[in-house]
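Student: Since the structure of chain A is provided, determine the placement of chain B on it from the hints.
Number of protein chains: 2
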Amino acid sequence: MFSHTFYKGNEMETLKKYVSVKDEEHFYHQGAVELLIFNFLLILTILTIWLFKNHRFRFLHETGGAMLYGLVMGLIIRYVTKSPDVESGTVYECEKLKSGPSTLLINITNQVYEYQYKREISHHNVNGHQGNAMLQKMTFDPSIFFNILLPPIIFHAGYSLKKRHFFRNLGSILTYAFLGTAISCIVIGLIMYGFVKAMVHIGQLKQWEFHFTDCLFFGSLMSATDPVTVLAIFHELNVDTDLYTLLFGESVLNDAVAIVLTHSISIYSPKENPNAFDAAAFFQSVGNFLGIFAGSFAMGSSYAVVTALLTKFTKLCEFPMLETGLFFLLSWSAFLSAEAAGLTGIVAVLFCGVTQAHYTYNNLSPDSKMRTKQLFEFMNFLAENVIFCYMGLALFTFQNHIFNPLFIFGALMAIFVARASNIYPLSFLLNLGRKQKIPRTFQHMMMFSGLRGAIAFALAIRDTDSQPKQMMFTTALLMVFFTVWVFGGGTTAMLTWLQIRVGVDPDEDLKARAASQSAPNLDKNTTKAESAWLFRIWYGFDHKYLKPLLTHAGPPLTSTLPEWCNPVARLLTSPRAYGDQLKDGDTVYIINNDELTENYESSAHIPVPAQDSTASIQATGKEDIQEGDLGLGGYKLQLQHTAGQPQKNSLA
Amino acid sequence: MFSHTFYKGNEMETLKKYVSVKDEEHFYHQGAVELLIFNFLLILTILTIWLFKNHRFRFLHETGGAMLYGLVMGLIIRYVTKSPDVESGTVYECEKLKSGPSTLLINITNQVYEYQYKREISHHNVNGHQGNAMLQKMTFDPSIFFNILLPPIIFHAGYSLKKRHFFRNLGSILTYAFLGTAISCIVIGLIMYGFVKAMVHIGQLKQWEFHFTDCLFFGSLMSATDPVTVLAIFHELNVDTDLYTLLFGESVLNDAVAIVLTHSISIYSPKENPNAFDAAAFFQSVGNFLGIFAGSFAMGSSYAVVTALLTKFTKLCEFPMLETGLFFLLSWSAFLSAEAAGLTGIVAVLFCGVTQAHYTYNNLSPDSKMRTKQLFEFMNFLAENVIFCYMGLALFTFQNHIFNPLFIFGALMAIFVARASNIYPLSFLLNLGRKQKIPRTFQHMMMFSGLRGAIAFALAIRDTDSQPKQMMFTTALLMVFFTVWVFGGGTTAMLTWLQIRVGVDPDEDLKARAASQSAPNLDKNTTKAESAWLFRIWYGFDHKYLKPLLTHAGPPLTSTLPEWCNPVARLLTSPRAYGDQLKDGDTVYIINNDELTENYESSAHIPVPAQDSTASIQATGKEDIQEGDLGLGGYKLQLQHTAGQPQKNSLA
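Those sequence lines, one after another, are chains A and B. Number 475 in our numbering belongs to position 474 of the first sequence; there are no gaps in the numbering. Number 267 in our numbering belongs to position 266 of the second sequence; there are no gaps in the numbering.
Here chain A stands alone, though its shape is the one from the complex:
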């Protein structure tokens, strides 16, 4: 896991055999010590956070705490431990080699040693290697972030997405995530380019190869917002559901967009002058972006669909452990397959999570539902804290930091301006179309919640070879520190100042809104969600074809598909779906039926297309249909037989 290193003196040659086992042991202990340091940091973080939570002290989230402890530990490792490895830093010549092989066998004083290729180093970085051996060992391979730590975090975000709220605000979320991230990227890129030009002009910066594309690269990686701290506080305080959904949805999708954007920019290579605009290369990058995004989306969803089909058509649910195992492995495979195919695993695993929650989750045994939920929650918790802890460490343990105060100041300004030019203009445009406006206070809160976190860090650490990249890494790291501590810590104060309502019980909220909706003096249509048409089309298709195909629920495919498909439809429809039809409300899927009935009643003024009445597609009239989310709420709902009392909520 860590980059193990291993010291041997000249005594090796004489002792050989009996020593080898001891050295082997020593080797394991080294790995253990490093992992132990992380463990202790995390334990400290947990205890501190418990203390804070116990005293309702909300200025430091666990991620902020993890970062703080990481920082202190980094400081200790850097300045307290000694540097026993004096030899590193020396560059050896080897004339026989013409290229760097993956494994190098070297004969040193008649002993053959095996060396493994790690990376290519720029000449200017060679001196940085004279650092502490402990520092080197505390340094992760960046692939650990992308292959091990990020997938569970992103999957969990997708898996725990409150679908109903998400889909109702889909239009706004997509606008913020796609358009907003692009705006943010360009604005940061432009500002930074201005700063770099100015710095070169005043002699602060040597004329490296700091092109406009590098600035855009920085812009794209800094556009990945990660308001984990803010969301945790929102969750704890039960902040307004719409604000929560907008922010959560934006941050989840925005990560995906920023990652693909960064990738596309990094492979944008204009033929001639790197500062000049090359239309062909630009469109190729745009094409790349779309291709990678769509491909990753398809890859992620496919794995989820396979999981849904497997859990539907096998009786795997009799063995919850096998089911959970399969679910876990297939979801991770979505990530790995996308990576292996040159797509973006993070995007794939995100959409895999959303699809798994939407379809597969319904097929799982109750035991597996709980297991998968708790497993990913736990992995998310651990991975998040490890990453933030590591970020704290990295400030002191990373060897090639380049602190440039002007660049850092520029970046700080840039991310503010970029966030503002993302949120305010887009909110204005969205409010033109939205029936339920996004209030000013929400906009300020969203502006304030533009924290940077794990993704920005992971994107920045992926490439730290050249000096511009090192400067970007250092700056990105400092932005993470600043935003997490300052904005994260100020969330509660900001909420109070903006007078955003907290303590919203989703159930109460639902009832209150339903009541205000049925009051005759209000415009009947005020609560129509802005993404109605998008949602309606999708809902109809999903309800008529996808749900019946992938889960045990919904109308049988035999009734929704054209007649000539009947043989196939009969094969693919779960016997339980027919039961649904007959009983007119299976307890397990009551959420859907309930919803449908409600929608049907409250949106009766919308022209009803002449279609199967069960497969209603006018699912927009009701504002706060309670989410059948992944928590225990879902279980509770499953026990209700509300088929006979469709207006229960509205009557309250």
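Read the hints as simulated data drawn from the structure, not as lab findings. Some clues are possibly wrong.
Note that identical chains are pooled: a pair holds if it fits in a single copy or bridges any two copies.
30 angstroms max Cα-Cα, derived BS3-like pairs, lysine-lysine [stated by the list, open to error]: (1) Lys438 / Lys54; (2) Lys436 / Lys54; (3) Lys198 / Lys438; (4) Lys164 / Lys438; (5) Lys198 / Lys164; (6) Lys374 / Lys436; (7) Lys207 / Lys313; (8) Lys54 / Lys316; (9) Lys164 / Lys54; (10) Lys164 / Lys316; (11) Lys207 / Lys164; (12) Lys374 / Lys316.
Tutor: Same frame as chain A, now just chain B:
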């Protein structure tokens, strides 16, 4: 995680900057492909196992299946993929280097490359490196086994140990585990030494440094039994609880003993002739063994005690996620600390698991109880399958196999003879002391269940530098294959043949025994467990001091400790413990009280020491007190108020 390698041609030099990102990508994809292969193997395994389970086909356990698929995949990788890395295998000279540094910087055609120290290679292994690059990449670092994969398996074994049954058979289990493993090690060592001598004699084996200590080393690593397959079938078929406990207890402790034994033997270094007996070195090894074992035990228990105290004295249980996280991290820290201190992490984590289950588990919130249980169950499941899958792979992907038919035949014979000389004589001796004899059929079944598994493999792969070690590794691997497939597959047949009763419902068993116990025509004392005195002393101490100190249960320390300790005792006793005293039976700890009352009634003929009547130490009269094990059974028991009906079970 994997040993990443990375190919670069000469075009690198010209393209430099823009290519670097792409190569970086390529690098990640490599890691992804390898992980993906593992994922697919595991998914296939799960699906196959489901099919088998669905058809009640018990000849292949999931571990056997994982191994089979691993084998097939290894075959494909070995013979289908090509070998693009022609350069490896060449040894380069570097006269300037006097010893192998941990990080080597090499200037190759004006580019500096960083290489990382991997290991020292014997000259005779250099040719083996001309193999396939894919093979190399599919090879784990052995430290992955010890730091990542084994701890969850071993911890789970400790955490899910049925304490009551375990402690009742403690004497027998300890005998099998300590004495039995030592016998097994020596017998295998002697037989192998004979074989090696004979092979040298007939010229089959060159006179390497194959000393008696090497044979003993092989003996110790082959003494680690791992009847995971057998136990899974036992569990499924509900085989007699005593047989299950004996086998499970033996295999769990035996792993710990074998690991420490292997370590002690590997550092046994007689001064002069390695074949001669050096008493000083021998006693040093014995001392090492005892020291390491005791140290690891202490380390593991300490962490569990710290966890118990933390969960008792903080209100962490209000935040199950933090609680679970702390539990997980502290348990893993027990492992890592032991490793870092030069002790044996596996032993530490085993006893940590047992102690966590005994004390900490009682302090956890219901949510965390479930979470920790399911988390470790899941990790155990995954880790086990990964290891067995990897074992299958290793047969074809490991580069330096030495297949020696005679040695393999010798080993096969040796493990049989060793198992027989462990089980039969020790059972005979134990039966002299046991009131409830171990029947012949149980002995045969235990003999038959001497499977080799993960630990033997992990110990063997830890050192594969010299040729004897390579031969041992190959042989150990084949023994695992043979025993898992043949014995694992034959378990059901063997159970039928030996007419061992299956389908034992622990509850029914309990009632039946209680009934037979109360029948007047039977000897009142037949069911007295053989480890009565050991158990009694331990139980008294545990109940009077440890439980009250570490959990919320038991009599208050103020009543069990001498009076002058009162101030401290009051501080350390949970307020709930006083409640216990007053209510005479807190629902949460009813298991203990129930037990106590029962014991008091059925063992009234044993002289009762003049002590606090609550802190009864005569806890041996009853045979099958139902275990408050970690499953849902524990929850059920918590709901019973049996204080007023102590003889409920006996009356059935």
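Student: Compare the structure with each hint and give your call.
Tutor: Cross-check of the supplied hints:
no.	hint	in the structure
1	Lys438 / Lys54	neither (34 angstroms within a copy, 56 angstroms between copies)
2	Lys436 / Lys54	neither (38 angstroms within a copy, 55 angstroms between copies)
3	Lys198 / Lys438	neither (41 angstroms within a copy, 88 angstroms between copies)
4	Lys164 / Lys438	within (20 angstroms within a copy, 61 angstroms between copies)
5	Lys198 / Lys164	neither (45 angstroms within a copy, 71 angstroms between copies)
6	Lys374 / Lys436	neither (35 angstroms within a copy, 48 angstroms between copies)
7	Lys207 / Lys313	neither (62 angstroms within a copy, 60 angstroms between copies)
8	Lys54 / Lys316	between (43 angstroms within a copy, 11 angstroms between copies)
9	Lys164 / Lys54	within (29 angstroms within a copy, 35 angstroms between copies)
10	Lys164 / Lys316	within (27 angstroms within a copy, 34 angstroms between copies)
11	Lys207 / Lys164	neither (50 angstroms within a copy, 69 angstroms between copies)
12	Lys374 / Lys316	both (20 angstroms within a copy, 24 angstroms between copies)
Violated hints for the displayed structure, listed by number in ascending order: 1, 2, 3, 5, 6, 7, 11.
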